[in-house]
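Generate the whole structure from the sequences, applying the supplied hints.
Number of protein chains: 2
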Amino acid sequence: MCSTVILLLLISSVLCDYWSQREKLLNDEDSLVMGSSIILSNNEIIVNNFLMKQKWEEFDNGFRNPGSFIPARHLFDTLSYIEQSDVFHFIQKVPKGALLHGHDTALASGDYLYNLTFSDNLYACVSNEKIQLRFLKEAVIGLDCVWKPIHLLRETVTDFDIRLKQQLTLIRENHREVYTDINVVWNYFSNIFLTVDPLICYKPIFIDYFYQVLTELYEDNVFYIEFRTTLPTVYDLDGNMYGPIEVAGLYKQIVEDFMLTHPEFLGAKLIYAPIRNVDEDTMQGYVDTVRALKANFPDFLAGFDLVGQEDLGQPLVKFVTQLQEIKKEVNLFFHAGETNWFGSSTDENLIDAVLLGTLRIGHGYAALKRPEILKIIKTYHIAVEICPISNQVLLLSDDMRNHPANYLIANDFPVIISNDDPSFWGTKGLSYDWYMAFMGMTSRRTDLRFLKQLAINSIKYSVYHDKNLAMKMWQQKWDNFINTLAKKIMVDEVTDNISLIKM
Amino acid sequence: MCSTVILLLLISSVLCDYWSQREKLLNDEDSLVMGSSIILSNNEIIVNNFLMKQKWEEFDNGFRNPGSFIPARHLFDTLSYIEQSDVFHFIQKVPKGALLHGHDTALASGDYLYNLTFSDNLYACVSNEKIQLRFLKEAVIGLDCVWKPIHLLRETVTDFDIRLKQQLTLIRENHREVYTDINVVWNYFSNIFLTVDPLICYKPIFIDYFYQVLTELYEDNVFYIEFRTTLPTVYDLDGNMYGPIEVAGLYKQIVEDFMLTHPEFLGAKLIYAPIRNVDEDTMQGYVDTVRALKANFPDFLAGFDLVGQEDLGQPLVKFVTQLQEIKKEVNLFFHAGETNWFGSSTDENLIDAVLLGTLRIGHGYAALKRPEILKIIKTYHIAVEICPISNQVLLLSDDMRNHPANYLIANDFPVIISNDDPSFWGTKGLSYDWYMAFMGMTSRRTDLRFLKQLAINSIKYSVYHDKNLAMKMWQQKWDNFINTLAKKIMVDEVTDNISLIKM
Ligand SMILES: [Zn+2]
Ligand SMILES: [Zn+2]
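For the record, the sequence lines run as chains P and C.
Heads up, the first sequence is in the numbering used here, so the first residue is 1 and it goes up one at a time.
Heads up, the second sequence is in the numbering used here, so the first residue is 1001 and it goes up one at a time.
The set of hints was computed from the structure by calculation and includes no laboratory data.
As the structure is a computational prediction, the values presented were derived from the model and not from experiment.
Some chain C residues flagged as far from chain P (calculated, every beta-carbon gap over 12 Å):
id : residue
1  : Asn1048
2  : Val1146
3  : Leu1153
4  : Glu1155
5  : Glu1246
6  : Asp1257
7  : His1262
8  : Asp1279
9  : Val1330
10 : Arg1449
11 : Lys1477
Derived DSSO-like pairs (lysine-lysine); straight-line CA-CA distance at most 30 Å:
id : chain 1 : residue 1 : chain 2 : residue 2
12 : C       : Lys1378   : P       : Lys375
13 : C       : Lys1452   : P       : Lys375
14 : P       : Lys24     : C       : Lys1318
15 : C       : Lys1327   : P       : Lys24
16 : P       : Lys24     : C       : Lys1375
17 : C       : Lys1024   : P       : Lys328
18 : C       : Lys1375   : P       : Lys452
19 : C       : Lys1327   : C       : Lys1460
20 : C       : Lys1378   : P       : Lys378
21 : C       : Lys1375   : P       : Lys375
22 : P       : Lys327    : C       : Lys1024
23 : C       : Lys1024   : P       : Lys375
24 : P       : Lys24     : C       : Lys1328
Listed below are several chain P residues computed to face chain C (Cβ distance under 10 Å; list not exhaustive):
id : residue
25 : Asp311
26 : Asn340
27 : Gly440
Glycine is no exception: its CB is placed at the ideal position from the N, C-alpha and C atoms.
Here it is as structure tokens:
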């Protein structure tokens, strides 16, 4: 409505006041941004002024010296700078609501993961230049592997720990030379899972690992999660193997245990997300697993997805029959359009995801190029799970300011921000990705209301069974955060004024 | 209309046929792309099939081996590959209509420019590690410069020619190390103009240079141009200096001379585009120059613009009074939003450009983030002059598939594709940028109709005085191109079949 008026005004611009038109146009744009409908309380205004001073300082520094602007650069060159940012520290403290897009075995911090390699009973072997890990009762000789206690290899193999660390992370100083294209980086990425899986699927570690995941998210002020899992086989030293249903049961138990000691933590739900690059028989097996999971864990199971590099995997369209079967059982949360290819089988996944009735879209990076998809996303409130750092590290985009989420946020699409696989690129929790979104994907003018909306969206687009309760609990945390900080800001200002007067 | 139907269908998806919905959704998207309203003739269909075979081969190769996909990589690493591309060769032959965004002293090919440094009477000096060039009658000693005939320096100064070449181009093998941020690359870029200006503003060379510009564009199947110029001072050996009006007169004469021997060339118009980083007094001087230009060259003068790095220059809003004066005299063609900064003085130039009634927008890179600007651009048919390679080389975007023009093209915004300053990055004509747009900024499904629309748009959004005539002349060239090629394709196919039968 407003914009029609503006347009009419434009025509008769000679008669109109340039400056009021200008103001109106800027305000009209502001009013479309995600979060713009929120009206801030007095305390929120105090906190917002505090935040925006920090945002503007960092933004304006970047404008003057573009090479210093963190969201424009690769994470591996800026990790330590992020951790010095005031805006980042602010975001760490924000009650962020839910994590809706993260993969179970890539969620704990890299340091924690590396420390696991000092566990008792961990054996290793070097085969084809690659280190393999496995928990064993005693040394065994495999087909192409002589398993030895890992400390023995540490002591004898040259650069063993350097090589081991490299197999647990994508971080490289010379990342531009190593990761020459998207398939290359995905190859490294997929190989990390292969190294990590036997390390963390050892039952005692498995339990400890996921407890650590919940702890780290909790410490980052996340209070509910919906995590994706392939439900990998878990093992123990006695030769027992735990299948999908048992593993889902383990997860449920860990979450319940965690909640006992963390009453403010709302819980977690599981999205069964096995690998996409399979044949129809395997997909039919997935259908069976979904049914069994649903029968056993009707509340704990959130839904279904498929994982693995979309470009090289099978497109959704190949499995329409099976996926329609699954849809009858559970909600769908498809990864779709995590690609730069336009008009390929990969970005057509967006078409099939919405036609299959996906509840949310993982990444949806390519949606910007598909106007009908954008329309459907907006009309049907299909949340887009944006993972800024993941998209950068996995070579979809470099500068956050060029990320399609800029458009989605500027037009108030149903966006949530998540972290995908922080373990493998040196971040943890949601704060790093929220920081990138706030500093790199929004206008200099976009403020606290956007962060608040991000948190609200994370609850709104979750499948938590009692959203009113969740919202109420989050609101309490938020109010507490705001009121405490507003008070501190006011005290600090008074103190500053007094010390000024004293001088 | 169609999409409303689709949405309703989605709701009742259980009842509907998945496959027909899918087809409809894909077709609906295709119907929104720039050029999609064009209906191809039989011969155009033959040519289109030929073109799409080449596009798909290149696209599918890229999909399989992403590191080989040219539009995803930096121009300086792919120049020789582009020149081997069948799609590129096809585009070279396409009658492309008009060039609407190019800067006079950066339009001739780099090879031609370098060869000018072997001209008689060219002198050089090395001052502060930089080579300066100037045409002189005889050696003179300047303040910090001892001018010597350039051949003497060539013979005595170490690596003189390597250094000279580097001052005439941005091309570097190690471009990633040299151009560390946008301000750094713009500094190199601006310095090239400083080196080049005294070389090509020597009157005899000036005339030869612009004639060469017209020749190269003509050979690239461009038949009309609207070029930006700062109207630099031209000089000769007798100490004469030619001011803006005289220089505009020179340009007009060169164009008329060129048209005498190239009757199919429609001509050229001049956009006066002095530098933006000035004070209000200088801006007032621009107003006077515009008036004088208009009085002297009412038909040759197309309009007004301001040039130079937007981030570091003055924003349009600073000169609203003077620009409104200029608007009374001529059309405006503002560079606006050539930036990655969102919510800065630079991307607010988009606001002022449209409020001032700009006829076209140079670059408009940041428009994607400003929904009201997008709406105005579409409603008022304000053409966006996209310069793909310029944006990459000057570090706004890396991968063409992430360029905001993808969105504009997918939604049929008024887009034209231009080349900005090809001289300084090793391309010439429009074909390189058209190639990037076709291969890197459109769907695999986007076809010949897009290229045809690009040409049509270049005429539609020009200010040529008789667009019907222009369109008619272009249509003749187009038909000729299509019919000749279609015939050749059919003959080749018959020949192929015969040779197949013979085998
Ligand atoms: Zn994911
Ligand atoms: Zn330009």
